[in-house]
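Student: In case you want the letters, here they are:
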Amino acid sequence: DTAVSQTPKYLVTQMGNDKSIKCEQNLGHDTMYWYKQDSKKFLKIMFSYNNKELIINETVPNRFSPKSPDKAHLNLHINSLELGDSAVYFCASSQGVGETQYFGPGTRLLVL
Amino acid sequence: GENVEQHPSTLSVQEGDSAVIKCTYSDSASNYFPWYKQELGKGPQLIIDIRSNVGEKKDQRIAVTLNKTAKHFSLHITETQPEDSAVYFCAASIQAYQLIWGAGTKLIIKP
Numbered sequence: 001d002t003a004v005s006q007t008p009k010y011l012v013t014q015m016g017n018d019k020s021i022k023c024e025q026n027l028g029h030d031t032m033y034w035y036k037q038d039s040k041k042f043l044k045i046m047f048s049y050n051n052k053e054l055i056i057n058e059t060v061p062n063r064f065s066p067k068s069p070d071k072a073h074l075n076l077h078i079n080s081l082e083l084g085d086s087a088v089y090f091c092a093s094s095q096g097v098g099e100t101q102y103f104g105p106g107t108r109l110l111v112l
Numbered sequence: 001g002e003n004v005e006q007h008p009s010t011l012s013v014q015e016g017d018s019a020v021i022k023c024t025y026s027d028s029a030s031n032y033f034p035w036y037k038q039e040l041g042k043g044p045q046l047i048i049d050i051r052s053n054v055g056e057k058k059d060q061r062i063a064v065t066l067n068k069t070a071k072h073f074s075l076h077i078t079e080t081q082p083e084d085s086a087v088y089f090c091a092a093s094i095q096a097y098q099l100i101w102g103a104g105t106k107l108i109i110k111p
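Chains H and Y are the protein sequences, given in the same order. When we follow my numbering, the leftmost residue of the first sequence carries the number 1, and every step to the right adds one. When we follow my numbering, the leftmost residue of the second sequence carries the number 1, and every step to the right adds one.
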C-alpha cells in the first residue's frame, strides 16, 4: 500500500492553463504539506494543513490554492500557469506539525 | 526565525570511505533534527533523526551527532556504497512547529 500518493506523476501543459495535483495519505496523519523543489533541489514549503485547517502559507503567488476536503487529502490547484512554475511538487504528511514527514513520489510539472 | 545551513553542497568520496555532512541551526529552542535521503526521481525519505536530549544516535552505517552548545549536527556515513549516492537533507524544528530544511548535499560515491 502506498502511504502518500500523488497524481499525476507527470504534467506537461501550456502557459496560462489551470491544473490540479491531487494528494492522498493513508497513514492516518493529521498534517499535510505541499513543497516545491526547483532544479537546484532546494525544498521550499508552500502550504501546510493540520486537521483540514491551513496553518502554514508561505510567500506563494495567490495563483496557487490548496484545498483539503478531509484529513487524508490535500489538493493543489494552480491558475494561469507560468514558465517559472516548472518544478517537482511534493506532497507530504506527518502525525503532527514538526514531526517526521512522509513524502509522496512527486509530480513533475513542465510549463511550456 | 529558525535558519538551517548545510555544507557541503556536493561531496564526492571513494567507495568504502566515510562521508560527513554538517548542518548548523540558529534557534537554540530547536529540539528535533531529522535527516532525509532523496534518491533520483523519488521523494525524500527519513533515514535517521535525533532529539535534543541525545548527543549521538547510530543505525548500522549511519550516525548522527548533535552539539547543542555549538548548534550544529552532523550525518556520518561509514563504508560508503554506490547506493548511498543521493541528495541528503537536514532539518530542524521546535516542538509542534514546522521543519526548517537545509539546502541539501549531493553525495557522489566514486567506484
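Note that these hints are calculated values from the structure, not bench results. Owing to the predicted nature of the structure, the values given are computational and were not obtained by experimental measurement. For each residue, glycine too, the CB sits at the ideal point set by N, CA and C. Mixed in with the good hints, there may be bad ones.
[Unchecked claim] No farther apart than 20 angstroms at their CA atoms in a straight line, the calculated lysine to aspartate or glutamate pairs in the EDC-like style are these: (1) K57/Y x D38/H; (2) K42/Y x D27/Y; (3) K41/H x D84/Y.
[Stated by the list, open to error] Where chain H lies over chain Y, by a calculated footprint (3+ residues, C-beta under 8 angstroms): (4) 13-25; (5) 40-50; (6) 53-65.
Student: Next step is simple, just say for each hint if it's right about the structure.
Tutor: Hint check results:
1. Between K57/Y and D38/H the CA atoms are separated by roughly 31 angstroms; this puts the pair beyond 20 angstroms, and the hint is violated.
2. Among the hinted pairs, K42/Y with D27/Y is inconsistent with the structure: their alpha-carbon atoms are about 30 angstroms apart, more than 20 angstroms.
3. For a cut-off of 20 angstroms, the pair hint linking K41/H to D84/Y stands: about 17 angstroms separates their Cα positions.
4. Given a C-beta distance limit of less than 8 angstroms, the hint that chain H covers the region 13-25 of chain Y is violated, as 0 residues qualify and 3 are needed.
5. Three residues within the 8 angstroms Cβ limit are the bar, and the region 40-50 of chain Y against chain H gives 7, so the coverage statement holds.
6. Only residues whose C-beta sits within less than 8 angstroms of a C-beta in chain H count toward coverage, and the region 53-65 of chain Y has 0 of them, not enough to reach three; the restraint is violated.
In the structure shown, a violation is registered for the earlier hints numbered 1, 2, 4, 6, in ascending order.
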